[in-house]
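As a plain string of letters, each chain reads:
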Amino acid sequence: MLILECPYCGVHAEETELHAGGEAHLKRFGPGASDEDFHDYLFMRENPKGVHLERWRHVNGCGKWFHAARCTMTLEVFGTYTAQTSEPPQEIKDKISAKRPGWTWREFSA
Amino acid sequence: MSTRLAKQGRLIDRSKQIEFSFNGRKLKGFAGDTLASALLANDQMLVGRSFKYHRPRGLVASGSEEPNALVGLGTGDRFEPNQRATTTELFSGLSAQSQNHWPSLEFDIGEVNSKLFSRFLTAGFYYKMFIHPRPFWKHVYEPFIRQSAGLGKAPNKELKDADTYEHFYFFCDVLVIGGGVAGLQAAKSAAATGAKVLVLEEKSYWGGRTPVDGGMIEGLEAEAWVAKTVAELEAMDNVTLRSRTMGAGVYDHGYILGYERLTDHAPGQGGPRHRMWRIRAAQTVTATGAIERPLSFAGNDVPGVMLAASMRDYVVNWGVTPGKRVLIATNNDDAYRTAIVLHEAGVEVVRLLDTRETGGGDLADRVRALGIRVECGRAIAKVADGKRVTKVAICAQNGEGGAREEVEADAVAMSGGWSPVVHLWSHCGGKLIWDEAQAHFRPDPDRAPTGADGKPFVVTAGTASGPLTLKAVMADAAAAGAKAAEAAGRPAQAVASIATSEVVEAQMEAVWLMPAKADIQLRMKSWLDYQNDVKVSDVQLAAREGYESVEHTKRYTTLGMATDQGKLSNINGLAILADTLGAEIPQVGTTTFRPPYHPISMGAIGGSARGDIFQPLRKTPMYDWHDANGAHWEPVGHWRRPFAYVRSGESVHDAVNREVKNTREKLGLLDASTLGKLIVKGPDAGKFLDMLYTNVMSSLKPGKCRYGLMCSENGFLSDDGVVARIDEDTFLCHTTTGGADRIHAHMEEWLQTEWWDWKVYVANVTEQLAQVAVVGPNARKLLEKLNAQAGGGMDVSKEGLAFMEWKDGEIGGFKARAYRISFSGELSYEIAVAASEGQAFWNALIEAGQEFGVMPYGTETLHILRAEKGFIMIGDETDGTVIPQDLGLHWAISKKKEDFLGKRAQERSHMVDPDRWQLVGLETVDGSVLPDGAYAVGNGLNANGQKNTIGRVTSTYYSATLGRGIAMGLVKHGPKRMGEVIDFPGLDGKIFKAKIVDPVFYDKEGEKQNV
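Top to bottom, those sequences are chains A and B.
Those letters in the first sequence? Residues 1 to 110, by this note's numbering.
Those letters in the second sequence? Residues 1 to 1011, by this note's numbering.
The following block holds chain A by itself, in its conformation from the complex (with noise of 0.2 Å):
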């Protein structure tokens, strides 16, 4: 059961106190996309083995949501931090690239 920092409230929160949201920063697409464009928001997820950028709710706590960006492979967590951005802020971007240098998660990147 893995243990992530809410960055809103501040509690380590065991799992059974989170939702998990999956995957982080998908850009909606609405009326007008493409379908194929459409398809891919709906549809197409990231699974990688390693960097994943996610995203959680503190739904047995504050109730916010909350991003965190996670090795799947070894859960280490590099960091949590808030939901109200489309990308992950520069620190953790540096914490990630400091473990797992050359690391690529859609457009974001060491």
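Possibly wrong hints are sitting among the right ones.
Heads up, simulated DSSO-like pairs for lysine-lysine below, C-alpha to C-alpha not over 30 Å straight-line [as the list claims (entries may be wrong)]:
{"id": "1", "chain 1": "B", "residue 1": "Lys-798", "chain 2": "B", "residue 2": "Lys-785"}
{"id": "2", "chain 1": "B", "residue 1": "Lys-431", "chain 2": "A", "residue 2": "Lys-95"}
{"id": "3", "chain 1": "B", "residue 1": "Lys-28", "chain 2": "A", "residue 2": "Lys-99"}
{"id": "4", "chain 1": "B", "residue 1": "Lys-619", "chain 2": "A", "residue 2": "Lys-27"}
{"id": "5", "chain 1": "A", "residue 1": "Lys-27", "chain 2": "B", "residue 2": "Lys-687"}
{"id": "6", "chain 1": "A", "residue 1": "Lys-95", "chain 2": "B", "residue 2": "Lys-455"}
{"id": "7", "chain 1": "B", "residue 1": "Lys-947", "chain 2": "B", "residue 2": "Lys-897"}
{"id": "8", "chain 1": "B", "residue 1": "Lys-687", "chain 2": "A", "residue 2": "Lys-93"}
{"id": "9", "chain 1": "A", "residue 1": "Lys-99", "chain 2": "B", "residue 2": "Lys-431"}
{"id": "10", "chain 1": "B", "residue 1": "Lys-687", "chain 2": "B", "residue 2": "Lys-903"}
{"id": "11", "chain 1": "A", "residue 1": "Lys-49", "chain 2": "B", "residue 2": "Lys-431"}
{"id": "12", "chain 1": "B", "residue 1": "Lys-897", "chain 2": "B", "residue 2": "Lys-976"}
{"id": "13", "chain 1": "A", "residue 1": "Lys-27", "chain 2": "B", "residue 2": "Lys-903"}
{"id": "14", "chain 1": "A", "residue 1": "Lys-64", "chain 2": "B", "residue 2": "Lys-993"}
{"id": "15", "chain 1": "A", "residue 1": "Lys-93", "chain 2": "B", "residue 2": "Lys-903"}
{"id": "16", "chain 1": "A", "residue 1": "Lys-64", "chain 2": "B", "residue 2": "Lys-681"}
{"id": "17", "chain 1": "B", "residue 1": "Lys-993", "chain 2": "A", "residue 2": "Lys-27"}
{"id": "18", "chain 1": "B", "residue 1": "Lys-455", "chain 2": "A", "residue 2": "Lys-64"}
{"id": "19", "chain 1": "B", "residue 1": "Lys-759", "chain 2": "A", "residue 2": "Lys-64"}
{"id": "20", "chain 1": "A", "residue 1": "Lys-27", "chain 2": "B", "residue 2": "Lys-785"}
{"id": "21", "chain 1": "A", "residue 1": "Lys-49", "chain 2": "B", "residue 2": "Lys-455"}
{"id": "22", "chain 1": "B", "residue 1": "Lys-704", "chain 2": "B", "residue 2": "Lys-681"}
{"id": "23", "chain 1": "B", "residue 1": "Lys-895", "chain 2": "B", "residue 2": "Lys-947"}
{"id": "24", "chain 1": "B", "residue 1": "Lys-990", "chain 2": "A", "residue 2": "Lys-27"}
{"id": "25", "chain 1": "B", "residue 1": "Lys-28", "chain 2": "B", "residue 2": "Lys-324"}
{"id": "26", "chain 1": "B", "residue 1": "Lys-431", "chain 2": "A", "residue 2": "Lys-27"}
{"id": "27", "chain 1": "A", "residue 1": "Lys-64", "chain 2": "B", "residue 2": "Lys-28"}
{"id": "28", "chain 1": "B", "residue 1": "Lys-759", "chain 2": "B", "residue 2": "Lys-666"}
{"id": "29", "chain 1": "A", "residue 1": "Lys-64", "chain 2": "B", "residue 2": "Lys-687"}
Here are some, though not all, of the chain B residues that point toward chain A, as calculated from beta-carbon distances under 7 Å [said to hold, decoys possible]:
{"id": "30", "residue": "Tyr-251"}
{"id": "31", "residue": "Gly-454"}
{"id": "32", "residue": "Thr-753"}
{"id": "33", "residue": "Asp-899"}
{"id": "34", "residue": "Gly-927"}
{"id": "35", "residue": "Ser-928"}
Simulated from the structure, these hints should not be mistaken for lab results.
On a predicted model such as this, the values are computed, not experimentally measured, just so you know.
Heads up, the beta-carbon is just placed ideally off N, CA and C, and yes, glycines get one too.
Following the hints, position chain B against chain A.
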């Protein structure tokens, strides 16, 4: 024969005799016995039958790795199948039954069957047999499999487990799993740093197997050292010791489950039977020891063939011997210890066969000095079949099993080497390396399981790390304890040097088949997995059939898939696979180790969450009144809602019919408090709701209500309800009962993660309000009477509060908010009051309503009333694959809005397919009620030869209003097929014929709700 010895037995108390029963036979043992040792003391060599072939089976091991001795324990509401005799401590009155036999353990029909069928039962038999020829399945295979399959009997489903269970949370710096000498030393080293330490030991006693194997630690006999060390640890405030507690699993980020068996050895003592320890440890030391491997020779499953160290355990710990003339076969030095122990106990060791041409070290010299005949380069060709060992044929190890010599013996001790218990290390990603010298996989300390910080959080200690000599074990354990404490943040300390006695052992030899070139007749009798009846020949067949991956071979042959998860068979099986494939063992690799290490009880997993406290029950403010007035309860999420209010002499169905007619003709009251009530507030609230609902909400005027639909981004209908605009910035959104929390979360998700710059707050006020639907032709009269009694109140006239309007005010003196909305088609007011006033308001309505024929009604009447009106219900008409367009709800989908959740998805090709099933009403030709969920069949057959389906029933009821069955359903091209009669086959073969009609069955013009 197996028997109790005159002396020995360090764990038993011969002054305390204990009576127990096995298959109804009264037997006697001693305090300190396990069920296994007590059975051996009574010469009960045969303890069970095997899974597939029903072969007679006896004890192989002395600990939790035992594959054969599974018994049904206890009776009635304390019966439990598949309990290991080796881990069951004997107590007075223990009642055990053997398993997998019919009609009796001694004589079994299945064994005869297996001889007839065994050629069908090879590797992959499930896949090969169950397909062709088809008729064989029903008449031959199924009866046979049913008779032979399964381990123990399931407990009686009518009875509830009489015991209680609990969970317990614990946090520590260093958790040590295993209370053998390594675990104790690791705990001692860690505790010396001041770290908070917890030590778990699955057995009832400390010290593991070192007191049996012998040796000196820090100048003391092992047993004395254990006693001293346990006493020292117990005296330390920062150390907690728990015996009878197994480390069951290691999980992400240092979460560990412990399984404590509190009263299994003393039923009736009171308190919980099992306790689940939910532990968070900064560092975990696994001092889990090692398991001896069997040797693969023909007849290695005959009762009396036992692991050499286990046989030694039985003699030293419990003073029992499985035989009086024992033959020992080994490929390493450890089994020589068994020869010495047996000899000292007065048991004849008829022969010690050492596969190594060069023989053993110091211990071999001692054995020879005792006059025991040791033969090097020799092996067992075959143990004669039977219910116990009688004869053993011996041969050269490096041959095909010819030139045999027959020896009489009544027990065989075997040792194929030792494998560290790597399960807990592996559960969370620890990797293994192949140790060529010991022929085993051991933890690779450079590839440990890692925690949130990316650093290792598991350290192995003692034989669990690989080393097998006492000196190496103690050095490793001291280092592991210090390392774990330092990694947990304690000050670094010098590793203690532990003085021990030393024995020079010769190199072991890897032996995967005995004799090395055994012929097929022998290999077909050489068992790898005792519990699942997998033999050397099965794994070889799988390899020949192309199974190269160890994970595939496991599933194809069922090797290691039984309740012991291959504790004995794993390495031997994959070595055979590697050999057959011509590959190296490390290249073939192991299967995945998964928790729990050893089966744990379902009760322990559930803990105290059962019965009334399984989950919290949500009750509306009027719950007690409903309960006192005949409520037949229906679970709706965590809520309980009255399904109907049953009067004396009525059936539930009678009650529903009465409630339906009374509401339509006079006056009904519904407790609608469970409906979700979400306040959405802020300057951008209207804009936000326009994105959430398919229709426009921002244009709604304060004081007005509007019905709305919510879809997921996939376009599927997710929830519905009436939205009331309270003021310019504030809306109140009603959701379905089950949808309140889900829709609240849905709103929060979009607000927090997509439109985080929109100024909107959402609050779930569902439980702050009690809400009552006052429904029926007399509804207004009742409210006006209440207002008159109170000397005034809210104007509830047609003009004062028109249909789809809401108003704040007083009704009968209660501060209330009334909505003129109707889910029944009748004149209807939904009135919200403070939750604290809910019961008083309900009482007032009931009392004043008597003259108007008031009756409460339940959820079934609610459903019928809405179905008569053709109103959809989320969860009936929708199932996560239905879009609003399927339900003819185009009128509630805005064409003007640029965007809303689901809009783009509803333009996808599959969503606009004219062949989608669409909502219609269904009327049976004979007036009967259609079965719920029934499918309509059309012309033609599908690829499986089944009739094509063209629709299904989504809601179906008996309508007391119309005196007939009514239903709604989704039917292909339905709205274009009005008047057509289609077939709905029922489960019993009856075909229901139903006419496609308009879904509105009652008051099509909607006059009644608008009076």
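Hints versus structure:
1. B:Lys-798 with B:Lys-785: Within the cut-off at roughly 16 Å; holds.
2. B:Lys-431 with A:Lys-95: OK: Lys-431 (chain B) and Lys-95 (chain A) at ~26 Å, within 30 Å.
3. B:Lys-28 with A:Lys-99: Answer violated: Lys-28 (chain B) to Lys-99 (chain A) is near 63 Å, above 30 Å.
4. B:Lys-619 with A:Lys-27: 41 Å, violated
5. A:Lys-27 with B:Lys-687: 20 Å, holds
6. A:Lys-95 with B:Lys-455: 15 Å, holds
7. B:Lys-947 with B:Lys-897: It is violated: about 42 Å lies between the C-alpha atoms, which goes past 30 Å.
8. B:Lys-687 with A:Lys-93: Violated - the C-alpha atoms of Lys-93 (chain A) and Lys-687 (chain B) are around 35 Å apart, more than 30 Å.
9. A:Lys-99 with B:Lys-431: 20 Å, holds
10. B:Lys-687 with B:Lys-903: 15 Å, holds
11. A:Lys-49 with B:Lys-431: With a Cα-Cα distance of about 16 Å, the restraint between Lys-49 (chain A) and Lys-431 (chain B) holds, given a limit of 30 Å.
12. B:Lys-897 with B:Lys-976: It holds: about 29 Å lies between the C-alpha atoms, which stays within 30 Å.
13. A:Lys-27 with B:Lys-903: Roughly 16 Å separates the two Cα atoms, so the pair holds.
14. A:Lys-64 with B:Lys-993: 53 Å, violated
15. A:Lys-93 with B:Lys-903: 35 Å, violated
16. A:Lys-64 with B:Lys-681: 18 Å, holds
17. B:Lys-993 with A:Lys-27: 50 Å, violated
18. B:Lys-455 with A:Lys-64: Given pair Lys-455 (chain B), Lys-64 (chain A) holds - Cα atoms ~28 Å apart, limit 30 Å.
19. B:Lys-759 with A:Lys-64: Holds, because 16 Å separates the two Cα atoms, which is no more than 30 Å.
20. A:Lys-27 with B:Lys-785: It is violated: about 57 Å lies between the C-alpha atoms, which goes past 30 Å.
21. A:Lys-49 with B:Lys-455: Measuring from Cα to Cα gives roughly 18 Å; hence the hint holds.
22. B:Lys-704 with B:Lys-681: Holds, because 16 Å separates the two Cα atoms, which is no more than 30 Å.
23. B:Lys-895 with B:Lys-947: It is violated: about 39 Å lies between the C-alpha atoms, which goes past 30 Å.
24. B:Lys-990 with A:Lys-27: Cα-Cα ~52 Å, so violated.
25. B:Lys-28 with B:Lys-324: 20 Å, holds
26. B:Lys-431 with A:Lys-27: 38 Å, violated
27. A:Lys-64 with B:Lys-28: 63 Å, violated
28. B:Lys-759 with B:Lys-666: 46 Å, violated
29. A:Lys-64 with B:Lys-687: 22 Å, holds
30. Tyr-251: 6 Å, holds
31. Gly-454: 4 Å, holds
32. Thr-753: 5 Å, holds
33. Asp-899: Holds, about 5 Å.
34. Gly-927: 45 Å, violated
35. Ser-928: Not OK, violated: Ser-928 (chain B) not within 7 Å of chain A, min 43 Å.
In summary, the numbered hints that this structure violates are 3, 4, 7, 8, 14, 15, 17, 20, 23, 24, 26, 27, 28, 34, 35.
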